[in-house]
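Protein chains: 2
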Amino acid sequence: MDKKWYEKNGKNGSVVISTRIRLARNLEEFPFPARCSDDLRVRIAEKVKDAVLNSGSVISPRFSCIDVDNIPMGERVSLVERHLVSPEFISAKGTKSLLLLDDESVSIMVNEEDHVRLQVMCEGFDLDRAYEQASRIDTLLDERLKFAFSDTLGYLTQCPTNLGTGMRASVMLHLPALTEAKVMRKMGENLSKLGIAIRGAYGEGSEPVADMYQLSNQITLGISEKTAIENLRSITERLIAQELSYREKLAPRIEIQDKIYRALGILRSARLIDCAEAQKMLSRVRFGITAGLIKDIDLETINRLFVEIQPATLMQSVGKELTASERDALRANVIRNLVERD
Amino acid sequence: MDKKWYEKNGKNGSVVISTRIRLARNLEEFPFPARCSDDLRVRIAEKVKDAVLNSGSVISPRFSCIDVDNIPMGERVSLVERHLVSPEFISAKGTKSLLLLDDESVSIMVNEEDHVRLQVMCEGFDLDRAYEQASRIDTLLDERLKFAFSDTLGYLTQCPTNLGTGMRASVMLHLPALTEAKVMRKMGENLSKLGIAIRGAYGEGSEPVADMYQLSNQITLGISEKTAIENLRSITERLIAQELSYREKLAPRIEIQDKIYRALGILRSARLIDCAEAQKMLSRVRFGITAGLIKDIDLETINRLFVEIQPATLMQSVGKELTASERDALRANVIRNLVERD
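Residue numbers (this note's numbering), protein chains in the order written: chain A, 1 to 342; chain B, 1 to 342.
Just so you know, the hints here were simulated from the structure itself, not pulled from any lab data. Be a bit skeptical, because a hint or two may be false.
Stated by the list, open to error - SDA-like, lysine to any residue: derived pairs with alpha carbons at most 25 Å apart:
1) B:Lys295 / A:Pro87
2) A:Lys146 / A:Arg43
3) B:Lys249 / A:Thr323
Claimed, not checked - Estimated spans, in silico, between C-beta atoms of each pair:
4) B:Asn337 / A:Leu293: 44 to 50 Å
5) A:Ser91 / B:Ile254: 16 to 22 Å
6) A:Gly292 / B:Met73: 39 to 45 Å
7) A:Leu322 / B:Gly200: 38 to 44 Å
To be verified - Computed, partial: chain B to chain A, Cβ under 10 Å:
8) Met184
9) Arg185
10) Ile254
11) Gln257
12) Tyr261
13) Arg262
14) Leu264
15) Ser269
16) Ala329
Keep in mind that this is a model prediction, so the values were computed, not measured. Even glycine gets a Cβ: it sits at the ideal position worked out from N, Cα and C.
Start from the sequences, fold in the hints, and give me the full structure.
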């Protein structure tokens, strides 16, 4: 099986962790989810599941269907931690399900805010690849499901903010230098004027953690997918350049090197570490790797740790519930094993 | 030349850093320092200097005389940091001088609170050795200086708290486990009832730093030197046993190991570190060494660093004034070089 996206380091990987395309779609023969009885939701879930698993395409057998309502809470939270579903999806009431590709690069939420939320994720900065994959699956599903579409408005969605393309393109950026330089707030204000939202790693309302930011297009109406993607691409390219120039400026400073090397020292020696501290230290080490200060750890290792040390995903890895301090001890071990000296 | 006391690890060195005997003496033909004109202070300084340097004993040529009033402030502060003089001695007005043995184990302050304050210091727990050395020099000086002595009161001192033996015996203890267990306050109250004072590393009024405590006898009147020493010895032995038993209890705990290994991680990786943080981390590493958790660093190295990373002593080592952040960078380097992995 392929490595998962978060175990790889992609294009412009020093700054861009991942690229995501999300399409919101609804089945024309059913009312929007908010107006659906649970019977209808069950029928929708079955229809979508059938369309995905029996599409006749080579990709179909690689999907599995997860009955999100009937798995332990820990597994559900881990889906959020791995960015496979939205936080709202696992807490909302009513029948819903998830169709997941084996390498976790494609996830299809059924009965989230819309009937279908198709998400394609890939490592690094690769809007084209993510968009092509999303379009391919979108077309495959449309043939069997008939998505609600208006010639004047485009794809119809429950919330008008998604009307039109129904597309949200986003990139997850690691911006330790811009954060250190305290320019992110100003940056966010400017970006919103350009129709780009900047948020924490878990979407709307989430605070930035460990210098990670999600950048996404906001405009879906009166604009083509291509234009929206080009807009996000050019702004991301500019942000990458700015971040790299700040890194070059900051990396030689002893105060910064002190933070970076201490972070590595802590990751290599702690016997207990909570998730927030670990991610903060991983962020500094990641900066140190891209600045050439740390040479014996690779970005793949850090990317993977960012995801795998989260509470629910960590417990998944050992297949049992753990107390907070048991998790802190396990997390410290997992990290130490991966960042050890050569 | 011999190693200095703070570069060695002595008896019961896991808990006892050093042992000190201090004798307060006054010349019978002069008034106490507080009633001395500066002319008299100069004469006293000359007399004591002559007595020390020209005693005819083999030890005499190993002494040098430091004109404390006329050396740079940094050098003066370093004398305090190395426990060779009291903090009051370097700030007080009026002629004073210091006679110092080459290995820094004997220092004689002239015109401190008394005309002569003879101090013998040695590594580890060794009251007998320190007392014998102090007595030998005391006898040598008494022959030439005629110390003020009353058959009923004993040695006469300016402050009545020193009257009698004029002796203060003290041990410097490293008590990380008792500190961690938060029993030191109670311990201090009990000790004072037994005529033993417990203080920070720099004597009266100083707060404990990095789990270091100075234990000393308070009673000098109506008691022999031997009794005072036996009293301090038996209490110190009990404290050593208690500290070691707490260490055994605490060392297996993951919270403690986390603190210890993180401290080592920080000392091995920091590029900037201030004195207080460094001493705190050194204390934890010292605990870790004695608990058998850290095997590739020895106690001598830690003892030495405790003294050498202090601001003034650090600047002495490079022979120039440094700003606080230059010191922090130098300190981090000095430490890193000494605690590196094998």
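Looking back at the numbered hints, which does the structure fail to meet, lowest number first?
-> 1, 4, 5, 8 and 9
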